[in-house]
Amino acid sequence: MTREELITHLKPILAPYTQNKEALEAINEDTDFIKDLKINSANLVDVVLDVEEEFGIEIDNHSMEKMLTVSAAIEIIETKLLEIDR
Amino acid sequence: MIGNDIVDLSAAARESNWERKGFLKKIFTKDEQLLILSSQQPEVTLWLLWTMKEAAYKIYSRQKGIRCFAPTSLCCQVDLTLSNNHPHQTTLTVAPSTFKCKLNTGENKYTGKVLIGDDIYLTESAVNDRLIHSICATNKADIGQIKAGIFTTGHPLFHHYHQTKPGCVSHHGSFLALVYLDSGSPLSAN
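In the order they appear, the protein sequences are chains A and B. Residues in the first sequence are numbered consecutively from 1, following my numbering. Residues in the second sequence are numbered consecutively from 1001, following my numbering.
There could be a bad hint or two in this list.
Here are the simulated BS3-like pairs of lysine-lysine, each with C-alpha atoms no more than 27 angstroms apart in a straight line [to be verified]:
1) Lys1025/B to Lys1113/B
2) Lys1021/B to Lys38/A
3) Lys66/A to Lys1025/B
4) Lys66/A to Lys1113/B
5) Lys80/A to Lys1025/B
6) Lys1025/B to Lys11/A
7) Lys38/A to Lys1025/B
8) Lys80/A to Lys11/A
9) Lys1025/B to Lys35/A
10) Lys1021/B to Lys66/A
11) Lys1064/B to Lys35/A
12) Lys1026/B to Lys80/A
13) Lys38/A to Lys1026/B
No wet-lab data here; the hints were simulated from the structure.
Bound conformation, chain B alone (with noise of 0.2 angstroms):
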């Protein structure tokens, strides 16, 4: 099972008022927190670590059957000193045009575990100047399988996903995130 979550910096902007009172207290725990005021750039931080919970919280509802809103019993682990050597696949597909262009430039990729109870959850997270993607899965093997898609608001896919299968969707502001484990994806057609 894999998951992913995306959030679009812009719309994050616009829609959350993280700096509001108790805002941080209910999502992170208190080294969460402490890791998100003491990095020199507090915003992506919070969002990374919201994409791995979400990304891993995915794939725990769907395994357990579980619903419910607990973000601070899920914890992230996250090495924040950058590992651009272990890029996922990630392609970037800015519609409508057929502009392809790979997601690498200039962004910084992380790796992490997210924690709930004794669960582990790997996370991979790429994270550029206008969106955080983040990727999950249980183990090492599948992580390094899953090929990532993100596109933007008017591309076909976005009304037509549900063909292609994709093992996570994670939709918001103007892009739309597709994971695949199998070569059936269509990020590999083209």
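Pulled out of the complex, with its shape left as it was, chain A reads as follows (with noise of 0.2 angstroms):
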């Protein structure tokens, strides 16, 4: 999957928690969840939750750390599947 085909997949798991629909329509490598989103922070698990189901990986604690932009996602998402390919 390219990052912009993750970018895709990631928009409608982030739409139910984004406060600020207008950022996500212009969804970029660069948004950030809670700064441009205005998800709220608890909600960021349920991100985190969905992006497991969606791309069936596991997302530890350590790289859930960083999980606070698409890019940050994006790179966590691509380490996980690569993982699984092995």
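Mind assembling these two chains? They're in different frames, but the hints should get you there.
Structure (structure tokens):
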């Protein structure tokens, strides 16, 4: 999956928790889950759980630490998908 | 440096399904999960611990210049026996009237600690049937001096709180919580 395809997959996952819908429409790699999308921090856990389900991966707490932006999420998903392929 | 965090309990019930598989495990340590699941009101205990973590994180992240989402590395210790004798000064202001009530009515107070690595953060939390509010400081002197104000949607401060230079801001659901260390807070004005 390309990074762009990953963003397309991420968008509907983020949508239910996003308070700033305009920022979601303009989503890109620099988009910050809290600062831009105004996702409440307790819902970050739901984002992580939804990403795990959607991609069939497990995101350990260490990886979750960095998952505050679209680019960080993409990197974590790519890494975890590669681990599965091995 | 001071921190604070508020949870609007009805908004939290709408926004989060804490019974969802994996939810507790991603946020709470094993000891905290045990405390939550064995308490009489798991949902209240959960958000109590959450506000403690958030309030401490707000100081920690500013102190260290670190931004991360690592709730399980913030370990809460809280005494769930009530400590009504040390209430922090919280006022709940209901907009838009001038009606102001002390939050103390029918609420419970808890004191606790949050450990992040070797650092200790002291917390005091107020819980009633609508909200949970935790304040946090790194030492006893500061936490004793914190003035806290909780405002509901529609209050003019919702849009103008920056001018009052609060030490920390928390916003959730219908509530805005502001904390101040110095006497310059708008809370002393009325």
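Violated hints - listed by number, lowest first: none
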